[in-house]
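Enquirer: Same order as they appear, the protein sequences are chains A and B. The opening position of the first sequence corresponds to residue 0 in numbering that gives the first Met the number 0, with each subsequent residue numbered one higher. The opening position of the second sequence corresponds to residue 0 in numbering that gives the first Met the number 0, with each subsequent residue numbered one higher.
I should point out that these hints are in silico values taken from the structure, not numbers from a laboratory. Please note that a few of the clues may not be correct.
[Unchecked claim] Some chain B residues close to chain A (C-beta under 8 Å, calculated; not the full set):
#, residue
1, G52
2, V91
3, H293
4, R436
5, P608
[Stated by the list, open to error] Calculated lysine-lysine pairs in the BS3-like style (CA-CA distance at most 27 Å, straight line):
#, chain 1, residue 1, chain 2, residue 2
6, B, K113, B, K5
7, B, K30, B, K108
8, A, K158, B, K588
9, A, K346, A, K206
10, A, K158, B, K591
11, B, K454, B, K469
[Stated by the list, open to error] Residues of chain A clear of chain B, computed beta-carbon distances all greater than 12 Å:
#, residue
12, P40
13, C49
14, E56
15, R60
16, Q94
17, Q159
18, A189
19, Q198
20, E295
21, L321
22, R366
Remember, it's a predicted structure, so these values are computed and weren't measured experimentally. All C-beta atoms, glycine included, are put in the ideal place defined by N, C-alpha and C.
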Amino acid sequence: METVAAISTPNAPGGIAMIRISGDRAIEIADRTVQRADGKPVTALGGYRCAYGYVSENGTRLDDVIVTVFRAPHSFTGEDTAEITCHGGLYVTRQILRIVLQNGAVPAGPGEFTKRAFFNGKISLTQAEAVMDVIEAEGAQSLRQANLAREGRLGTEMKQISDALVAIMSALAYWLDDAEEFPPELETYALTAKIEALQSRLQALEKSYDSGRMLRAGIRTALLGLPNAGKSSVMNWLCGEQRSIVTEIPGTTRDIVREQVKIDEFTLVLSDTAGIRQSGDVIEEIGVGQAMHEAENADLVLYVIDAAVGVTAQDRELLGSLTGQPVLVLWNKTDLTDAQPPALPHKCLQIAAKSEPSFDVVAVALRELFGTASRTDTPCIMNERQAALIRRASQSLTDALGLLQSDSPLDLLLFTLESAANALREIDGEQVSENVINGVFTRFCVGK
Amino acid sequence: METLGKFDVAVIGAGHAGIEAAVASARRGCKTALFTISLDQIGNMPCNPAIGGSAKGHLVREIDALGGVMGIAADACCMQMRMLNQSKGASVHSPRAQEDRQEYHRYMKSLCEKTENLFVIQAEIADILLDDNGAVCGVVDAFGGKYDCRAAVICAGTFLNGRVYIGKRSRESGPDSCLPARLLSEALSVHGVQLRRFKTGTPCRVHSRSIDYSQLTPQHGDVDSVSFSFTNPRGFVRNDAVCYIAQTNSETHAVIRSNLGESPLYGGLIHGVGPRYCPSIEDKVVRFQERERHQIFVEPTGRFTDEMYLGGFSTSLPEHVQLEMLRTVSGFARIEIMRPAYAIEYDCINPICLRHSLGFRNIAGLYSAGQFNGTSGYEEAAAQGLIAGINASAYVLGEEPLELSRASSYIGTLIDDLVTKGTDDPYRMMTARSEYRLSLRHSNADARLTPIGRKYRLIRDGRWADFSRKTEEIAQGTDQIRRTVIRPCEAVNAVLESAGTAPISQPVHADSLLRRPQIGWEHLVQLGAVSPDSDPDIAEEITLQIKYEQYISRQNQQNAHYQQLSRIRLPETVDYHRIHGLSSEAVEKLTKAKPENLEQAARISGISPADIAIIITWLKAGGANG
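With these hints in hand, go ahead and build the complete structure from the sequences.
Expert: The structure is reproduced here in structure tokens:
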């Protein structure tokens, strides 16, 4: 059985979240995902043992986690299981799941853990009945989702790519079936070009996962600026209520405050970070570190500058260090001064957070930055499961290109293409093999 | 009615399916009758004089591995053996043999006659008798003679209400001018078996002296040829016959186009569904207009006849058109037709009414195999015949039926496709039909199936000992390669470079070198990793196991989900309309297919993982009971 993983806590923000991995490779995958703080491998843990550690990506720590190990058959599913408990942010949890999937797990289907528990004799019928409602709900939900996906742009794109694969596979199946004539489309260069083109379409889909996520979960927005530039009043302006404490004492806002705001068609998930300032205060140092970390992981940075103070050297340094994502500079407090902003490498909006009546300028700017993501022409990947299927398809095409390059036998090539097409059609349950065979008969003159 | 005999199993029809069914049943200890309309047609090849070919060669090897007889007979009567798809990857290599069809008939007739417990009887079976419980209790012939039996296997081929068409003329007939079986169809209908019409066709046979071979491309057998049967060594079969390839041309196509009105198919006389994979020449010309030529395979039909078979040229156009179009082909200017091409229409079932045992769902003791089940091809027929014969005898003996999984074999795949999806046109096996293709090589059919054949008492002691020895040698040889370390040195790297692959700088295990596409067994011999005088079959098996293992493990992992689902049975009484949450498409498809377990359900096109999850929920919530 493949090793599966899923977020097992409700798909909503919460205090903590848990990712469950189950299957033969569960503990090994957990080990590749989590670095224990004590430096020992996760695989060294016995059943029912847990350890503290970190999940990192490219050297950046995503979250502190607790990993708990269950050894078969003493687990819910009866298989080796690892559970990674992390802090409850949806984004971080999904990031960790993505890493778990990259490390070799496949996304669990609806009710998969319960299914496995049942197969392995871990739960009786009566016990199973208790969880039935949940699975049924999941099943029905994913069915609805599948139907949506089937009709949606994503479904169309996935179908088009798998149809193109099926066409190649039909030609291969024809040729592998003692064909009279070699189909010219199977020449190595033609095949390579075709598969590469499909590969890049899959990669575009993979990228669109991020914009799809932004549409659904909102644009992660970090509010940044030097102390007292007016970040909290910007926050209050955007949120429409007293959420952060507005005060004249620099450094009042230490904890990150999150808020969702809707500006026209956009949802911003705002985090107001501590004013950035070199400070001797240890507590505030942590806050500053968090703020920069928050900014690095954001989809958008709103950088607040006090128009009365102007652009300081520190502002320039900080703005210079923000390279990964779009930045909107908010030239704040225009109600108090006529000072005009200097030329900056970022779009600059003039506002007066304490008295500004409308968000129109922000909405216009957002539309410029994210317009393509919202009124999208690229189909968006809806969920992690679809994203994983697309990644799996893409990986299979990479394998296929490798086989073509090394002049490997065609039966192996057909297999890798089959894996890719199957992944793409997994959501709607369409049987690829039947389409391939129909393709052979309709497109080629077979038979003696 | 007079009772003429008492048997355990009655097999109706002595073609490729019937022979396997009868011989297996008899060898397993059941007193078996094999009925045929003509003793002179046992094991007849009314179409191409060949056995094997792409995917079909796999089937023959599997039949042999299970203890069937087609492989041994085909080896004995072989005139030319070739391995197809040599350059396309080991999993699709497929042996194909040109056969002496008269000799094959004689061989099979004699084999049946000499089989203990087997009684070959010339009779047309007209009815199947059921007892008060609706189970088979006898068969009746066309003259009223009654034979008691507890199980019957229908292997009627194209005989049931057979009608032969040449042009717009037709007459009731079985293949090769045999009498058709006119009575059984009606009796089956009375028993609630639904019949439908399929059609197939065969090309003409021409006289060898009328062909100018200098205009044709010859095709010879392989030098080092394999055998179908695992009991025969390499190079065992005779391999001296020559086949030839001719080509149609624009003139031929023009003759066909101007005579389409003469075709019973295009004229609407034939309603039977023809095979998609084996189109008539008029179909090919109409559907693939851009093709300038089509190949015609000129094949000898036997050593003691001058009849030549024209593969790829089946047609139902009238005789005079057949002659006219053939004469346009280069090399055929003076062609003499000996048997005209014809189309044949016949009764068959939609196999969805069968279980995986090939037993009817609604009639205990009744089994069927071959073209009657909607397939086409001698090999597909024989494969089903073997399983039906094993299971009819298992039914009589009170043993567990043999149901081969898709993972085990092409035979299992064939039967699973038939009984879960049914078929809309005569079904032919293709390698593309199996998702386990990479592990279903023709050469490892014995490893996959001989233990099963042994369990069903079709593998004798001597053969079992040979098989066990071979298995052991393969395991040891594979293990040895995995443990052999090759160290980098000039001699080693010279071998690698001459093979066109990168040299090594670190010591490596021999198996990792063997996984490189450029490296074969012969290189391991040069590297001193294996002995130069290993048995070539064993060397090939080891090589392929190592080369394919990572792909096969991925293949199996991808399919593991299905295997797990196969353990959950679905009662036949499930009312899918009552399962809350299923899409109406799913309800309709599942109601039609009546899957026996969840794996079969999941394989139905359009049934999504979410549908399966909902069915599981429903089953576990006790849905099937309430």
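Enquirer: Each of the hints needs a verdict: does it hold here or not?
Expert: Against the structure, the hints:
For the restraint placing B:G52 at the interface with chain A, the shortest Cβ-Cβ distance is roughly 6 Å, inside the 8 Å limit, so the hint holds. Of the supplied interface hints, the one on B:V91 holds, with its beta-carbon coming within about 5 Å of a beta-carbon of chain A, less than 8 Å. Among the interface hints, the one on B:H293 holds; its C-beta lies about 7 Å from the nearest C-beta in chain A, closer than the 8 Å criterion. Taking 8 Å as the C-beta contact cut-off toward chain A, the hint placing B:R436 at the interface holds, the least distance being around 7 Å.
A hinted interface residue such as B:P608 counts as satisfied when its beta carbon comes closer than 8 Å to some beta carbon of chain A; here the least separation is about 5 Å, so the hint holds. Between B:K113 and B:K5 the alpha-carbon distance is near 19 Å, which keeps this suggested pair within the 27 Å criterion. Distance check on the hinted pair: B:K30 and B:K108 sit about 18 Å apart at the alpha-carbon level, within 27 Å; holds. Restraint check: the Cα-Cα separation between A:K158 and B:K588 comes to about 21 Å, which is no more than 27 Å; the hinted pair holds.
For the given pair, A:K346 sits about 24 Å from A:K206 by alpha-carbon distance, which is consistent with the 27 Å threshold. Note on A:K158 and B:K591: the hinted pairing holds, with a Cα-Cα distance of about 26 Å set against a maximum of 27 Å. Distance check on the hinted pair: B:K454 and B:K469 sit about 18 Å apart at the alpha-carbon level, within 27 Å; holds. At roughly 24 Å, the least C-beta separation between A:P40 and chain B is larger than 12 Å, which holds for a residue marked as non-interface.
With a cut of 12 Å on Cβ distances, A:C49 stays outside the contact zone with chain B, its closest approach being about 29 Å. Chain B leaves A:E56 outside its interface by the beta-carbon criterion, the shortest separation being 26 Å against a cut-off of 12 Å. Residue-level check passed: A:R60 sits 32 Å from the nearest beta carbon of chain B, beyond 12 Å. Under the 12 Å C-beta cut-off, the non-interface status given to A:Q94 relative to chain B holds; the minimum distance is some 25 Å.
Look at A:Q159: its CB is around 18 Å from the nearest CB on chain B, clear of 12 Å, so calling it non-interface holds up. Listed as outside the interface, A:A189 is consistent with that label: its C-beta sits roughly 17 Å from the nearest C-beta of chain B, beyond the 12 Å cut-off. Non-interface status of A:Q198 relative to chain B is upheld: no Cβ of that chain comes within 12 Å, the nearest being about 19 Å off. For A:E295, the shortest C-beta to C-beta distance to chain B comes to about 37 Å, beyond the 12 Å cut-off, and the non-interface label holds.
Chain B leaves A:L321 outside its interface by the beta-carbon criterion, the shortest separation being 42 Å against a cut-off of 12 Å. Distance to chain B confirms A:R366 as a non-interface residue, since its nearest Cβ pair spans about 36 Å, more than 12 Å.
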